[in-house]
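J.: Listed here are the chains, written in short residue letters.
2 protein chains.
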Amino acid sequence: MIIAVDGMGGDFAPSEVVLGCVEAIKEFNDIKIIITGNEELILKELHKYKYDTNKISVIDAKEVIDPNEPPVMAIRRKKDSSLVKALNLVKQKEAHGIISAGSTGAFMAGALFIVGRIKGIDRPALAPVMPGKNAPFMVIDVGANAECKPKNLLQFALMGKIYFEKILKVENPSVGLINIGTEEEKGNELTKATYSLLKESGLNFVGNIEPREIPKGDVNVLVCDGFTGNTVLKMFEGTAATLFDVLKDEITGSTLGKVGGLLLKPAFKNIKKKFNYKEYGGAAFLGVDGICVKAHGSSDSLAFKNAIKQCIIFHNNNILNNIKEEIIKSNHIQNIDAMDII
Amino acid sequence: MIIAVDGMGGDFAPSEVVLGCVEAIKEFNDIKIIITGNEELILKELHKYKYDTNKISVIDAKEVIDPNEPPVMAIRRKKDSSLVKALNLVKQKEAHGIISAGSTGAFMAGALFIVGRIKGIDRPALAPVMPGKNAPFMVIDVGANAECKPKNLLQFALMGKIYFEKILKVENPSVGLINIGTEEEKGNELTKATYSLLKESGLNFVGNIEPREIPKGDVNVLVCDGFTGNTVLKMFEGTAATLFDVLKDEITGSTLGKVGGLLLKPAFKNIKKKFNYKEYGGAAFLGVDGICVKAHGSSDSLAFKNAIKQCIIFHNNNILNNIKEEIIKSNHIQNIDAMDII
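If you read the protein sequences in the order shown, they are chains A and S.
Each position in the first sequence, counted from 1, maps to that position plus 1121 in our numbering.
Each position in the second sequence, counted from 1, maps to that position plus 1121 in our numbering.
Worth flagging that the hints you see were computed from the coordinates, not collected in a lab.
None of these values were measured; they are calculated from a predicted model.
Possibly wrong hints are sitting among the right ones.
In this list, chains with the same sequence are indistinguishable; a pair is considered to hold if it fits within one copy or across any two.
Mimicking BS3-like on lysine-lysine, the simulated pairs with C-alpha atoms at most 27 Å apart in a straight line are [what the hints assert, rightly or not]: (1) 1450 with 1165; (2) 1214 with 1287; (3) 1399 with 1369; (4) 1394 with 1369; (5) 1171 with 1445; (6) 1307 with 1200; (7) 1379 with 1337; (8) 1153 with 1165; (9) 1307 with 1430; (10) 1153 with 1214; (11) 1379 with 1200; (12) 1240 with 1399; (13) 1390 with 1287; (14) 1337 with 1395; (15) 1369 with 1254; (16) 1254 with 1390.
Full structure from sequences and hints, please.
T.: In structure tokens, the structure reads:
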């Protein structure tokens, strides 16, 4: 498998990106990595390590896309950016997949325009797997589509299910609809119409899931529009960060607290590890015709190595073809239904 | 001031409701309370305490609305319920305000149909004040309106601002728009159109606020549609609950952890107090023509007493008239604008 890596994306690029790539080719067989970006900087990093030089190559790219740039314009104008060059490798079938820790907006816009959608998927969706109390869960979409139609959410459910089955090896994954009440008639127009679609979909649909239940991780795939998913993701991060801040203030505020905090250090470490996104690789951008993984902006080499691992599992399990087959099947069903109605 | 209290609503009704009322008339002067509900049960509770019997009266109501009943139907059919009778007291100006810890849906439907809207307010909104790290903040709306128009959110902002100014004594409160990006052009159609309205509103509008920032409590009033607000509220509760669960498991999982946990007991107690919704009373249902406060379903006597205090401050600061005056002013401005365009 050949993986294109945007060498300049993310808070710790290119040093942590390069180190992640070096560690990955040592750990995983049969992969080659192409790093795009400022050749001089990247080679300087690479020269710090001993590695099989046949397995990592560099393609020079003079431009870098800033996370604050308007995404679509950045993709159109910066043809010589590390991101656009990496995406082009996927488009031209010179790489099977791409990883970037840079601008999420530019990544999604670029994947959409350069790599393109899978036929039959109307809206690709960003789908991170997050750590829950009892098990990891996926929220799909977390921001690619601020406005959605019920059909989009049905396709998100289908893609999420395939991902969970093939990558996380969960048999018949459960699918929930994020909603503000558990009853079928609750919510807005989108959730009401989506509920009916999911109920008839043949998926293991477990009904509406209130946001309060999400962090427990009892449901595998949680579908919603991108505005809601982004809100869920950021409230999850924000609430956890605030609580740990408050806890830290309390602990360091008294001698008793400091001693208690010291004794609980292993406990806090376990919790931190449990909720560490780095263990999960990146967020897959599902529905585009290539393996596109968005790594967290603050990814270190471990996060990069795991994102590369995620690409390999994605590739070896033929997820793209699985999605293509399932979408044809589901469209076939939809067409029959439409004919029945006529 | 006369306050109607739904004696049968909430997980701990009527015992905690009654105790809260008894404590309130001892602490606050110049109030009278009318408790609606099963007279026999309520009198039995009242007889446990010594109190000024001139200040609490009971109106018998044979029916109770269950939280699982469809709200509108429950309000229409159960005319002899504790909630409907309490709402009628407000409608007939026999009470200035009402508090209920029962079904949120029935409470909002009843307040809307029985008490009625303030003229000029298109959609009343449920507006809890929540504990943030640095200061309390309000999210408006958290579930009364799953679908909203930009104008609704502008009115939410106006009402939230008055509440913060008059009840929480914050001068020129800041107003933020909950959105999935900080830039003006981010979000869905609703947030984009609302941004323009808020920018021109004359309110202390601080722009888009990403959900990640909400728990910090740096912005006073956060406006959004009810679907988003409900998601924010429930993710806040759910993430906190899950994290404390995980922490508890870690602490009780080892001897070292147990000792550490014991030493940190005061710290945990402080945090619990800091994030205790009971200190804040209930969620005001703003935009109806009466003081309507929804207490948390699991309210104890302290939460009830604080909800009563909230009603008193609401009343003494003339919030309803303030909202009426501001809405006339703002509609006046809107009309002038409309004329300018023509």
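J.: Determine which of the earlier numbered hints do not hold for this structure and return their numbers in increasing order.
T.: 1, 5, 9, 11, 12 and 13
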